[in-house]
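Enquirer: Quick mapping for you: the protein sequence lines, in order, are chains A and B.
Read in my numbering, the first sequence has 142 at position 151, and its numbers run on one by one without any break.
Read in my numbering, the second sequence has 181 at position 190, and its numbers run on one by one without any break.
Watch out, some of these pointers could steer you wrong.
Derived pair list, reagent style BS3-like, types lysine-lysine, alpha-carbon separation capped at 30 angstroms [claimed, not checked]: (1) B:Lys190 - A:Lys17; (2) A:Lys86 - A:Lys101; (3) A:Lys97 - A:Lys86; (4) B:Lys97 - B:Lys86; (5) B:Lys30 - A:Lys101; (6) A:Lys17 - B:Lys170; (7) A:Lys61 - B:Lys97; (8) B:Lys170 - B:Lys61; (9) A:Lys91 - A:Lys30; (10) A:Lys17 - B:Lys17; (11) B:Lys57 - B:Lys170; (12) B:Lys17 - A:Lys61; (13) B:Lys30 - B:Lys85; (14) B:Lys194 - A:Lys10; (15) B:Lys194 - B:Lys158; (16) A:Lys101 - B:Lys61; (17) A:Lys61 - B:Lys170; (18) B:Lys170 - B:Lys91; (19) A:Lys30 - B:Lys97; (20) B:Lys189 - A:Lys10; (21) B:Lys10 - A:Lys170; (22) B:Lys61 - A:Lys97; (23) A:Lys30 - B:Lys17; (24) B:Lys158 - A:Lys10; (25) B:Lys170 - B:Lys194; (26) A:Lys189 - B:Lys10; (27) B:Lys189 - A:Lys17; (28) A:Lys10 - B:Lys57; (29) A:Lys158 - A:Lys30.
The hints are simulated quantities; they were obtained by calculation from the structure and are not laboratory data.
There are 2 protein chains.
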Amino acid sequence: MGIQDFLSSGNIRLDQQLKFVAEVDKMTGVLRHTLLIDKSRRENDAEHSWHIALMCLLFEEYALEKVDIKRAAIMCIVHDLIEIYAGDTFAFDKKANEDKAEREQKSADKLFSLLPPEQGKFFRSLWEEFDAMQTADAKYAACMDRLQPFLHNTLTDGHTWVEAGAKRSAVEARDSVIKEFMPQVYQWVDANIENAIKKGWLKV
Amino acid sequence: MGIQDFLSSGNIRLDQQLKFVAEVDKMTGVLRHTLLIDKSRRENDAEHSWHIALMCLLFEEYALEKVDIKRAAIMCIVHDLIEIYAGDTFAFDKKANEDKAEREQKSADKLFSLLPPEQGKFFRSLWEEFDAMQTADAKYAACMDRLQPFLHNTLTDGHTWVEAGAKRSAVEARDSVIKEFMPQVYQWVDANIENAIKKGWLKV
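Can you build the whole structure from these sequences, using the hints too?
Expert: Right, here's the structure in full:
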């Protein structure tokens, strides 16, 4: 059982594509620190990626620049693939973030080389654009990537903030892209930060 | 904890959108019969939806008609949302499929009415287009929706076929959209059906 049971199609490209589909199923095993909203367990990268891709269809009206929401959605679909080999880096773990870029580059080299070259390049370019946060689509996708765990935290007693002993300033830094790109949504974020401090989920 | 902790933004639209995001997190609890490729557990609807949305970025070259892969991807993101209240209907359970359409319509009414009207309409139209399988984008999305569990079955000892005691004809009927829309990919499907019969995973 497993990938060794893969039956070749006799077409190298198709084999590469199908095996890549099998490989990325490992995203279901990359656990994040965020809890599901029902608090039953930690969410995984596949679930998170789906959730924020869906969010791309909902919040366009709050973006300060024109966004291609379908393009932002596919960016969300691929944005965490490199964690298959690099692992999830906890946003509030300073030490782990030091070598994050290097680990993720190595993972990208390994993962995207499984695909036919132009498709590997396409996936990598989407990830790099997301990561650089310079284009409107990437900023929008980044807002979804920050807003989703923020919403989960507000509905799970500040779970990851409490776990990390996080300070207000760390959350504000993490969510600054929302403040800049979707100020109307940030008003809600800001009110929830205040509430989290009042509840003791976040340190001042 | 939970949705009762939701802090109103003071903006009815934004509240509806954020609460919808929280509600659809329930997709992580809708279990399918398909196993993850590592066989550790059954996959859920959020994982499946993410997986097939990603596949939309890979198989365009085999489609007989011109496809908008980004549009097909967002169709995949929303295609199973109605299962939040209707549940997953096992493809090989004839009885459960009898009232599937009715259950899913009711679920769609309930779920999409949580959104601002024009957004609810947009989500519903994507789901209906997917379900009707008439447009090129919907046929392509449907191919991904069939090819993914097929691949999983080939790599997990025919898990759902064995569980259902499925016949070759049932699998062929289920995957006929691949045969019609992506004949080159279907050659690989067909070879795997032969192999599954040889292994005893499928009945003749």
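Enquirer: Could you run down the list of hints and mark each one as holding or not?
Expert: Hint check results:
Taking the CA atoms of B:Lys190 and A:Lys17, the gap is about 26 angstroms. The hint holds against a cut of 30 angstroms. About 24 angstroms separates the Cα atoms of A:Lys86 and A:Lys101, which keeps this hinted pair within 30 angstroms; it holds. For the given pair, A:Lys97 sits about 18 angstroms from A:Lys86 by alpha-carbon distance, which is consistent with the 30 angstroms threshold. Taken as a hint, the B:Lys97 and B:Lys86 pair is honoured in the structure, with Cα atoms around 18 angstroms apart against an allowance of 30 angstroms.
About 24 angstroms separates the Cα atoms of B:Lys30 and A:Lys101, which keeps this hinted pair within 30 angstroms; it holds. Distance check on the hinted pair: A:Lys17 and B:Lys170 sit about 28 angstroms apart at the alpha-carbon level, within 30 angstroms; holds. Distance hint between A:Lys61 and B:Lys97 is fulfilled; the C-alpha atoms sit about 27 angstroms from each other, no more than 30 angstroms. A threshold of 30 angstroms between alpha carbons decides the hint, and for B:Lys170 with B:Lys61 the separation of about 22 angstroms falls inside it, so the pair holds.
This hinted pair checks out: A:Lys91 and A:Lys30 have alpha carbons roughly 28 angstroms apart, not beyond 30 angstroms. A hinted pair counts as satisfied when its Cα atoms are at most 30 angstroms apart, and A:Lys17 with B:Lys17 qualifies at roughly 21 angstroms. Between B:Lys57 and B:Lys170 the CA atoms are separated by roughly 16 angstroms; this keeps the pair inside 30 angstroms, and the hint holds. The hinted pair formed by B:Lys17 and A:Lys61 meets the criterion: a straight-line CA distance of about 23 angstroms does not exceed 30 angstroms.
Taken as a hint, the B:Lys30 and B:Lys85 pair is honoured in the structure, with Cα atoms around 25 angstroms apart against an allowance of 30 angstroms. Restraint check: the Cα-Cα separation between B:Lys194 and A:Lys10 comes to about 26 angstroms, which is no more than 30 angstroms; the hinted pair holds. Simply put, B:Lys194 and B:Lys158 have alpha-carbon atoms about 4 angstroms apart, close enough for the 30 angstroms limit, and the pair holds. The hinted pair formed by A:Lys101 and B:Lys61 meets the criterion: a straight-line CA distance of about 25 angstroms does not exceed 30 angstroms.
With a C-alpha separation of about 28 angstroms, the suggested pairing of A:Lys61 with B:Lys170 holds against the 30 angstroms cut-off. Restraint check for B:Lys170 and B:Lys91: satisfied, since their Cα atoms lie roughly 24 angstroms apart, inside the 30 angstroms limit. Only pairs whose Cα atoms come within 30 angstroms are accepted, and A:Lys30 paired with B:Lys97 is accepted, the gap being roughly 27 angstroms. For the hint pairing B:Lys189 with A:Lys10, the CA-to-CA distance comes to about 22 angstroms; that is within 30 angstroms, so the pair holds.
Proximity of B:Lys10 to A:Lys170 is assessed by CA-CA distance (about 20 angstroms); at most 30 angstroms being required, the pair is judged to hold. Annotation: proposed proximity of B:Lys61 to A:Lys97 holds, straight-line Cα distance about 27 angstroms (limit 30 angstroms). A C-alpha spacing of about 11 angstroms is found between A:Lys30 and B:Lys17, which places the hinted pair at or below 30 angstroms, so the restraint holds. As the CA atoms of B:Lys158 and A:Lys10 are separated by approximately 26 angstroms, the hinted pair is consistent with the 30 angstroms bound.
For a cut-off of 30 angstroms, the pair hint linking B:Lys170 to B:Lys194 stands: about 20 angstroms separates their Cα positions. Distance restraint check for A:Lys189 and B:Lys10: the Cα-Cα separation of roughly 22 angstroms lies within the 30 angstroms cut-off, and the hinted pair is therefore satisfied. Between the alpha carbons of B:Lys189 and A:Lys17 the distance comes to roughly 28 angstroms, so the proposed pair stays at or under 30 angstroms and holds. With a C-alpha separation of about 24 angstroms, the suggested pair A:Lys10 and B:Lys57 falls inside the 30 angstroms cut-off, and the hint holds.
Simply put, A:Lys158 and A:Lys30 have alpha-carbon atoms about 22 angstroms apart, close enough for the 30 angstroms limit, and the pair holds.
Checked against the numbered hints given earlier, the structure satisfies every one of them.
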